[in-house]
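> Given next are the chains, with one letter for each unit.
There are 2 protein chains.
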Amino acid sequence: MSILIKEVLLNNETTDIYIDGNQIKTIGKNLAVAADKVISGKNKAAIPGFINGHGHAAMTLFRGFGDDMPLESWLQEKIWPQEAKLTEEDVYWGSKLACLEMIKSGTTCFNDMYWFFEATVKAVEEMGIRAFLSQAVIDLFDEKKTKQIQIDIPKWHEIAQKWNNRIEFTLGLHSIYTVSAETFKWSHEYAKANNLLIHMHIAETQTEYDNSIKNFGLSPVQYLNKLGVLSPNLIVVHCLWVDETDIQLLADNGVKVIHNPASNLKLSSGYQFRYEEMKKAGLTIGLGTDGCASSNNLDMLEAAKLASLLQKAWRFDPTAMPAEEAFYCATEAGGEVFNKKTGKIQEGYLADLCLVDLKQPTLVPNFNLTSNLVYSANGSCVDTVICDGKMVMENKYVSGEEEIIENASKAASNLVART
Amino acid sequence: MSILIKEVLLNNETTDIYIDGNQIKTIGKNLAVAADKVISGKNKAAIPGFINGHGHAAMTLFRGFGDDMPLESWLQEKIWPQEAKLTEEDVYWGSKLACLEMIKSGTTCFNDMYWFFEATVKAVEEMGIRAFLSQAVIDLFDEKKTKQIQIDIPKWHEIAQKWNNRIEFTLGLHSIYTVSAETFKWSHEYAKANNLLIHMHIAETQTEYDNSIKNFGLSPVQYLNKLGVLSPNLIVVHCLWVDETDIQLLADNGVKVIHNPASNLKLSSGYQFRYEEMKKAGLTIGLGTDGCASSNNLDMLEAAKLASLLQKAWRFDPTAMPAEEAFYCATEAGGEVFNKKTGKIQEGYLADLCLVDLKQPTLVPNFNLTSNLVYSANGSCVDTVICDGKMVMENKYVSGEEEIIENASKAASNLVART
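As they're listed, the protein sequences go chains Y and F. Letter 94 of the first sequence, counting from 1, is numbered 94 in this note's numbering, and no numbers are missing. Letter 157 of the second sequence, counting from 1, is numbered 157 in this note's numbering, and no numbers are missing.
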């Protein structure tokens with residue numbers, strides 16, 4: 001399959017983009033190539049597909065089910081009782097809905113941690129986007145569970161060999177308050193031996209930080225360092241409660257960071273994400289939305305806007321995190337976090353890209369497309385999405401979307417009604 | 001003209017809504033009435049049109065023209081030199097673009113302060129939405145200008161008698177650092193005698209607050225109180241740098257407040273808007289977007305989301321400003337601020353309302369529509385807009401939108417190119 005996008009705006013110039021197989025093959029004016037599909041780029045701009053660095057896709061089913069509650073009662077009264085009833089079918093439809101929402105808002109790659117991960121794999125395979133998927137690992141410091149995990153992970157890894165090459169298996173270790181030191185250390189060795197990424201929540205709340213000091217005598221990051229599990233394979237999510245020493249440790253060990261501004265704000269986890277300090281230390285920082293139970297959508301342009309506005313606000317500095325940097329975090333930095341040639345429109349990169357509709361009011365006038373995308377538009381400006389060289393959305397329509405909306409709605413109401 | 005909306009979701013029930021003239025006449029199931037236009041409400045929910053409590057409509061022309069800069073150099077190098085070149089024609093196309101963007105995101109009423117206000121009037125008359133319009137008043141403490149204003153305001157007021165009844169004339173006094181005490185006092189008397197609203201910026205930045213203490217020996221709000229101009233006709237915008245005494249003074253005098261979270265964040269003006277304290281004091285608090293040069297869009301659902309998330313974040317309280325309150329501020333409270341029966345779908349209210357598309361992913365599942373609207377969706381979920389009993393958008397299409405996009409784009413680039 002080959003695709004030729006004719007005369008599209010790319011970095012302020014009108015050009016053609018030729019996609020062959022799953023790669024961006026050639027970028028240039030008036031390309032004289034034949035292609036299976038030719039798309040007009042008139043009144044459109046090409047941008048990289050977004051990379052959603054952290055989420056729990058199937059939690060779209062809990063969108064709006066519980067909000068504006070204290071964290072503990074929200075989890076105990078709302079989320080956990082429902083999660084206990086989840087079936088593989090529920091996770092499948094929740095993941096389909098998540099993929100649909102992501103595609104509609106221009107995301108071509110996401111990183112996930114949840115239950116029944118094979119149902120999410122099925123959804124992703126069908127929807128045509130790229131994903132890094134893990135089954136959540138929680139042993140609650142129970143030795144039996146810790147042993148079981150050392151059997152489960154290689155089994156999951158084995159299953160993952162059969163996945164479509166758009167989907168990669170990762171290890172999803174929930175957090176330092178739900179996962180034992182033994183599991184961290186074993187997973188670190190397994191990931192290193194098998195070249196796998198590890199994805200975990202860290203330093204999300206002050207409570208987590210305080211408990212870490214109490215239980216381990218160390219900050220969350222310094223505790224991980226003591227365990228010897230900080231490495232370039234590790235992706236740490238949230239990272240709100242960190243000091244200079246923590247940041248330096250992360251940077252020295254090549255750890256990658258994912259910032260989730262919407263979730264952090266809505267759950268009152270913290271708003272002073274130390275972007276400047278992390279950037280200065282040389283850390284690669286991607287952006288994510290977190291799951292829809294907490295934040296409550298999967299719109300990466302909104303994540304970029306929130307990230308930038310927050311930096312300006314709490315630092316009282318309007319020059320903090322300019323639009324270009326927020327956009328970079330939502331795209332190219334994501335590619336670097338996951339070691340993938342995605343998030344950038346460049347010859348030799350994966351053909352993961354979007355066309356945005358320049359005729360919609362929020363993108364007019366077009367003095368600065370990146371500013372318009374980050375500060376003015378939202379995911380709804382995306383018109384066409386190509387992932388892995390294939391069309392996944394054209395003219396704002398995703399094949400089968402009506403069925404997904406209907407079945408995900410049903411799955412959510414049936415789940416809640418079920419005893 | 002009459003409109004019948006059949007079987008639409010309204011406050012969790014399916015009902016019909018009958019609009020006659022510019023009013024919501026009847027709400028009920030299976031209404032047996034004939035109407036000039038019948039709309040199916042299938043898969044749609046009816047919500048009030050949003051009320052954008054503060055902005056500078058024509059500044060859409062400066063969207064993305066200057067961002068991520070310190071306030072002073074942004075104004076001096078970017079905004080003021082362009083504003084000095086503005087023509088009536090520019091303001092007309094900028095206002096048309098603003099109206100288009102507002103309609104597309106469900107806003108049916110806005111409050112404006114800018115230059116060449118008659119050009120904005122023309123745009124609003126054509127676009128069919130509701131507006132409170134003022135010409136910006138700035139005398140820079142120059143006696144000659146102060147005198148001229150006392151000639152100008154009655155002249156503008158006279159002109160306004162001929163406006164369409166959707167548009168109301170207000171007094172737009174820029175701020176305490178650009179408007180003299182004499183102009184405040186004279187305008188206050190004029191507004192009282194003629195039953196007009198006054199709209200002003202106040203307590204936006206710490207610099208403004210510090211200068212007020214330095215120049216007047218009082219906080220901005222206490223200075224206004226000393227001038228005797230706090231009244232139920234006064235609408236104060238921003239109100240970030242206020243203490244308990246200020247809040248009590250505003251409440252005691254029935255002053256209305258407009259909060260603009262996106263602008264406050266992006267310009268680093270302040271993020272600790274004292275919503276809870278103001279609510280407790282009994283103040284009516286509406287929401288606004290500010291102009292597109294600062295914030296950079298006119299999406300009131302985004303404003304509602306930001307307002308709520310910010311309260312949760314800086315107070316470290318996830319129960320602060322629930323979705324229902326943020327939605328109330330963006331709708332019904334706006335009606336109260338402007339003394340208009342708008343912002344609520346109720347018999348006898350003005351027919352200013354929207355239908356949202358329940359089949360778009362961000363509104364699925366539909367456990368709680370208000371939560372979905374505030375936390376998950378954005379203005380793009382709006383499908384149909386009725387204002388003053390007339391259709392202004394149907395199936396996401398506004399009549400003449402292509403021409404507006406084209407001419408506003410041209411106006412913006414010509415303006416910047418012009419010497």
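Calculated directly from the structure, the hints in this document are not laboratory data. There could be a bad hint or two in this list.
Here are the simulated lysine-lysine pairs, PhoX-like style, with alpha carbons at most 25 Å apart [claimed, not checked]: (1) F:K122 to F:K155; (2) F:K155 to Y:K396; (3) Y:K410 to F:K42; (4) Y:K192 to Y:K226; (5) F:K155 to Y:K359; (6) F:K396 to Y:K359; (7) F:K42 to Y:K396; (8) F:K122 to Y:K410; (9) F:K410 to Y:K6; (10) Y:K122 to F:K155; (11) Y:K359 to F:K410; (12) F:K122 to Y:K396; (13) F:K359 to Y:K410; (14) Y:K144 to Y:K192; (15) Y:K42 to F:K410; (16) F:K122 to Y:K359; (17) F:K396 to Y:K42.
These numbers were taken from a predicted model, which means no experiment stands behind them.
> Look at each hint and say if it fits the structure.
How the hints compare with the structure:
1. A C-alpha spacing of about 18 Å is found between K122 (chain F) and K155 (chain F), which places the hinted pair at or below 25 Å, so the restraint holds.
2. Note on K155 (chain F) and K396 (chain Y): the hinted pairing is violated, with a Cα-Cα distance of about 49 Å set against a maximum of 25 Å.
3. In summary, the hint linking K410 (chain Y) to K42 (chain F) is supported, as the alpha carbons are separated by about 17 Å, within the 25 Å threshold.
4. In summary, the hint linking K192 (chain Y) to K226 (chain Y) is supported, as the alpha carbons are separated by about 17 Å, within the 25 Å threshold.
5. For the hint linking K155 (chain F) to K359 (chain Y), the alpha-carbon distance of about 39 Å lies beyond 25 Å, and the restraint is violated.
6. Using a Cα cut-off of 25 Å, the hinted pair K396 (chain F) and K359 (chain Y) holds, with the two alpha carbons roughly 14 Å apart.
7. Distance hint between K42 (chain F) and K396 (chain Y) is fulfilled; the C-alpha atoms sit about 21 Å from each other, no more than 25 Å.
8. Straight-line distance between C-alpha atoms of K122 (chain F) and K410 (chain Y) comes to about 48 Å, which puts the hinted pair past the 25 Å bound.
9. A C-alpha spacing of about 24 Å is found between K410 (chain F) and K6 (chain Y), which places the hinted pair at or below 25 Å, so the restraint holds.
10. About 69 Å separates the Cα atoms of K122 (chain Y) and K155 (chain F), which puts this hinted pair outside 25 Å; it is violated.
11. Between K359 (chain Y) and K410 (chain F), the direct Cα distance comes to roughly 13 Å. Compliance with the 25 Å bound is thereby established for this hinted pair.
12. With a C-alpha separation of about 34 Å, the suggested pairing of K122 (chain F) with K396 (chain Y) is violated against the 25 Å cut-off.
13. Taking the CA atoms of K359 (chain F) and K410 (chain Y), the gap is about 13 Å. The hint holds against a cut of 25 Å.
14. The suggested pairing of K144 (chain Y) with K192 (chain Y) holds, with an alpha-carbon distance near 24 Å, which does not exceed 25 Å.
15. Between K42 (chain Y) and K410 (chain F), the direct Cα distance comes to roughly 17 Å. Compliance with the 25 Å bound is thereby established for this hinted pair.
16. Of the supplied pair hints, the one linking K122 (chain F) and K359 (chain Y) holds, its CA atoms being roughly 23 Å apart against a limit of 25 Å.
17. Only pairs whose Cα atoms come within 25 Å are accepted, and K396 (chain F) paired with K42 (chain Y) is accepted, the gap being roughly 21 Å.
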